[in-house]
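Asker: Residues per chain, in single letters:
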Amino acid sequence: MAPKTRSASRDAGSRVAGALRYIALLVYLAAVVFPMCWVFYTSAKSTRQIYASPFGLPGVLTSPSRTSAQPLIENYAKAWVGSHFSRYFLNSAFVVSVSLALILLLGSMAAYVLARFEFRGRKTIFMLFVCGLLIPMQLVLIPLFFQFSDMGEWLTRLLAPSARALGLGELTVSLHDSHFGLILIYVAFSLAFTVFTLTAFFRTLPGELREAALMDGAGEYRVFFSVMMPLGKPGIVTIAIFNFLGLWNEYLFGLVFLSTDRLKTLPLGLASISMQAQYKSDFGLLFAALVIAMAPTIMVYIILQEKLTRGITLGALKG
Amino acid sequence: MSGSAGASPSRGRRRRDAGRRLFIATFIGPPLLLYAVFVLLPAVNAFRYSLTRWDGLGEPAWVGLGNFGAILASGSEFLPAIRHNLFLTFVPGVITLSLALFFAYTIHQRVAGARLFRVAFFFPNVISGVAVALLWILIYSTTDVGMLNNLLKAMGRHEPIAFTESGNLLWAIVPMSVWSATGFFMILFLAAMENIPETYYEAARLDGASAAGQFRHITLPLMWDVLTTGVVFLVVGGLKFFDAIYVMENGRPSKATHTMSTLLYSKVFQEYNIGYGTAISVMLFLLVLGATFLSLRLMRRERLEY
Numbered sequence: 371m372a373p374k375t376r377s378a379s380r381d382a383g384s385r386v387a388g389a390l391r392y393i394a395l396l397v398y399l400a401a402v403v404f405p406m407c408w409v410f411y412t413s414a415k416s417t418r419q420i421y422a423s424p425f426g427l428p429g430v431l432t433s434p435s436r437t438s439a440q441p442l443i444e445n446y447a448k449a450w451v452g453s454h455f456s457r458y459f460l461n462s463a464f465v466v467s468v469s470l471a472l473i474l475l476l477g478s479m480a481a482y483v484l485a486r487f488e489f490r491g492r493k494t495i496f497m498l499f500v501c502g503l504l505i506p507m508q509l510v511l512i513p514l515f516f517q518f519s520d521m522g523e524w525l526t527r528l529l530a531p532s533a534r535a536l537g538l539g540e541l542t543v544s545l546h547d548s549h550f551g552l553i554l555i556y557v558a559f560s561l562a563f564t565v566f567t568l569t570a571f572f573r574t575l576p577g578e579l580r581e582a583a584l585m586d587g588a589g590e591y592r593v594f595f596s597v598m599m600p601l602g603k604p605g606i607v608t609i610a611i612f613n614f615l616g617l618w619n620e621y622l623f624g625l626v627f628l629s630t631d632r633l634k635t636l637p638l639g640l641a642s643i644s645m646q647a648q649y650k651s652d653f654g655l656l657f658a659a660l661v662i663a664m665a666p667t668i669m670v671y672i673i674l675q676e677k678l679t680r681g682i683t684l685g686a687l688k689g
Numbered sequence: 030m031s032g033s034a035g036a037s038p039s040r041g042r043r044r045r046d047a048g049r050r051l052f053i054a055t056f057i058g059p060p061l062l063l064y065a066v067f068v069l070l071p072a073v074n075a076f077r078y079s080l081t082r083w084d085g086l087g088e089p090a091w092v093g094l095g096n097f098g099a100i101l102a103s104g105s106e107f108l109p110a111i112r113h114n115l116f117l118t119f120v121p122g123v124i125t126l127s128l129a130l131f132f133a134y135t136i137h138q139r140v141a142g143a144r145l146f147r148v149a150f151f152f153p154n155v156i157s158g159v160a161v162a163l164l165w166i167l168i169y170s171t172t173d174v175g176m177l178n179n180l181l182k183a184m185g186r187h188e189p190i191a192f193t194e195s196g197n198l199l200w201a202i203v204p205m206s207v208w209s210a211t212g213f214f215m216i217l218f219l220a221a222m223e224n225i226p227e228t229y230y231e232a233a234r235l236d237g238a239s240a241a242g243q244f245r246h247i248t249l250p251l252m253w254d255v256l257t258t259g260v261v262f263l264v265v266g267g268l269k270f271f272d273a274i275y276v277m278e279n280g281r282p283s284k285a286t287h288t289m290s291t292l293l294y295s296k297v298f299q300e301y302n303i304g305y306g307t308a309i310s311v312m313l314f315l316l317v318l319g320a321t322f323l324s325l326r327l328m329r330r331e332r333l334e335y
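Protein chains in written order, with the numbering used here: chain A, 371 to 689; chain B, 30 to 335.
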């Protein structure tokens with residue numbers, strides 16, 4: 371009799387514990403989701419409405435009409451046009467997509483060769499890329515800043531005569547404050563992680579298809595672009611997502627290497643309106659800007675969520 | 030006749046070898062060059078810079094380890110900055126790891142809505158550090174917009190609390206950090222838990238092991254490697270902390286809030302003290318390196334093979 375009641379009470383106890391754990395999950399879910407929903411729906415309210423009722427739903431949701439949609443339109447117009455968020459958005463899209471294309475191309479080229487070919491110096495080169503995993507961007511930031519000045523001068527001296535000869539006038543090359551310079555940094559800095567991960571991935575691909583294609587007389591280049599790249603697509607897609615998120619959200623390199631407002635990326639634009647006193651109480655604008663900055667990565671996450679978490683999973687299990 | 034028959038395949042092979050070598054060179058060359066020039070070279074140069082005094086314009090003056098002496102001297106700005114980094118690593122870190130472990134464990138018990146929790150908890154991880162900072166500036170706002178101060182007012186407090194003021198900022202960043210990091214670690218841990226074969230648990234249950242016992246003796250040891258990886262990520266992230274402090278302090282952090290990264294940024298790009306700033310970046314690198322190896326070392330245990 372006694373053991374039975376004890377096990378019954380233990381059952382009840384574990385059920386209570388389970389319920390408490392579930393409540394904790396729900397509370398955390400609210401803590402994660404509510405602030406983000408709050409940002410989205412508040413961006414449809416005017417600053418006066420936000421002050422009057424900071425948590426209330428916007429008119430456009432409760433009673434949709436042309437007048438109730440007015441604050442929404444005004445906020446986004448102010449952010450998109452007035453505060454140049456259209457610019458920042460296009461700058462981010464340009465810098466990130468060009469960087470991403472180069473990272474994936476160069477990264478998979480290097481990874482493929484490191485994974486599939488035996489040659490002198492292979493181990494050393496691989497180790498050099500692995501070292502990059504431990505180098506924080508803060509270490510390269512400062513020397514790179516001055517290296518860019520030197521390289522700009524050097525390139526100007528190299529290219530100016532031919533530009534003059536071609537009648538293009540005085541040419542000065544500067545890597546500072548240019549998208550080209552930032553792209554160079556993004557590509558170079560993302561290579562370590564990309565090459566490291568893709569090398570492991572290319573090692574797992576079956577070699578028979580490659581052998582067969584070579585037997586059929588395809589050259590190594592053909593084999594890479596029409597056999598190995600398509601085979602490697604799952605790995606490349608995962609790496610692309612990680613790099614996209616990292617670069618779209620990158621702030622410190624952008625802060626150091628871009629100073630002209632016209633060239634700034636989204637995180638820089640968002641930071642500058644959050645730090646300038648004149649915008650600090652323009653809540654309608656701040657909320658709309660925040661949505662513009664958050665939306666792309668959230669969308670990519672929603673669409674590619676499974677691929678992203680599978681990437682983390684694979685990374686975790688390999689250790 | 031026989032000589033030419035023997036020579037032609039070897040000439041063919043030689044040509045094929047040359048072609049292969051060219052292929053390897055064209056594929057590894059460009060990425061390696063880019064990486065060497067824009068990552069390795071500046072990384073090596075950082076050590077050189079850190080041994081000089083330089084304003085960025087004139088000739089750098091060699092000062093040996095002078096900058097390191099200065100940053101480590103008592104009363105320097107570096108020592109509090111390092112303390113702030115350690116605070117921002119360990120206080121949110123312990124909470125983040127505990128929550129992530131707890132949520133992963135709970136979701137792993139196949140609760141209703143597991144997929145929803147999994148997807149939703151990760152959301153803050155895809156938002157940029159700057160956006161997270163602005164979101165929390167709005168949450169902490171002392172105006173009527175501030176979510177938290179509104180809550181406090183509803184609970185009867187009249188004076189709003191200036192959460193993001195210098196003196197309070199480090200503590201204010203704790204919940205923000207936890208909020209923005211927990212999802213990632215939860216996914217990481219959940220993956221590790223799902224990788225443990227169910228049969229181990231069945232065997233343990235037959236032996237009468239309690240849930241807590243199973244967690245301690247099966248789950249935890251078998252996911253130890255992943256836990257170690259998590260700790261390394263967390264520590265490295267904490268040592269590099271920049272975005273939120275910089276944005277929440279309007280680009281001018283004070284001695285009470287500087288982290289190593291914001292301090293080196295302001296030393297170099299606001300005060301033109303390049304040698305000193307680079308010395309901080311070298312210390313940061315050494316700490317990242319040390320912390321990585323130390324975490325791997327301290328967390329190393331006998332690898333469990335069942």
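Bear in mind the hints are in silico, worked out from the structure with no lab data behind them. Small disclaimer: the values here were computed from a predicted structure and weren't measured. Backbone N, C-alpha and C fix where the C-beta goes; we use that ideal spot for every residue, glycine too. It is possible that part of the hints are untrue.
[What the hints assert, rightly or not] DSBU-like, lysine-lysine: derived pairs with alpha carbons at most 35 Å apart:
1. A:K677 with B:K269
2. A:K603 with A:K650
3. A:K650 with B:K284
4. A:K448 with A:K603
5. B:K284 with B:K182
6. A:K650 with B:K269
7. B:K284 with B:K269
8. A:K493 with A:K677
9. B:K269 with A:K493
10. A:K603 with B:K269
11. A:K650 with A:K493
12. B:K284 with A:K677
13. B:K182 with A:K650
[As the list claims (entries may be wrong)] Just the calculated beta-carbon pair ranges, DEER-fashion:
14. B:L327 with A:K650: 21 to 29 Å
15. A:S544 with B:G87: 49 to 57 Å
16. B:D173 with A:A463: 31 to 39 Å
Asker: Could you run down the list of hints and mark each one as holding or not?
Answerer: Verification of the hints:
| no. | hint | verdict |
| --- | --- | --- |
| 1 | A:K677 with B:K269 | holds, 27 Å |
| 2 | A:K603 with A:K650 | violated, 45 Å |
| 3 | A:K650 with B:K284 | holds, 24 Å |
| 4 | A:K448 with A:K603 | violated, 41 Å |
| 5 | B:K284 with B:K182 | holds, 31 Å |
| 6 | A:K650 with B:K269 | holds, 27 Å |
| 7 | B:K284 with B:K269 | holds, 17 Å |
| 8 | A:K493 with A:K677 | holds, 30 Å |
| 9 | B:K269 with A:K493 | holds, 29 Å |
| 10 | A:K603 with B:K269 | holds, 32 Å |
| 11 | A:K650 with A:K493 | violated, 53 Å |
| 12 | B:K284 with A:K677 | violated, 43 Å |
| 13 | B:K182 with A:K650 | holds, 22 Å |
| 14 | B:L327 with A:K650: 21 to 29 Å | violated, 44 Å |
| 15 | A:S544 with B:G87: 49 to 57 Å | violated, 21 Å |
| 16 | B:D173 with A:A463: 31 to 39 Å | holds, 36 Å |
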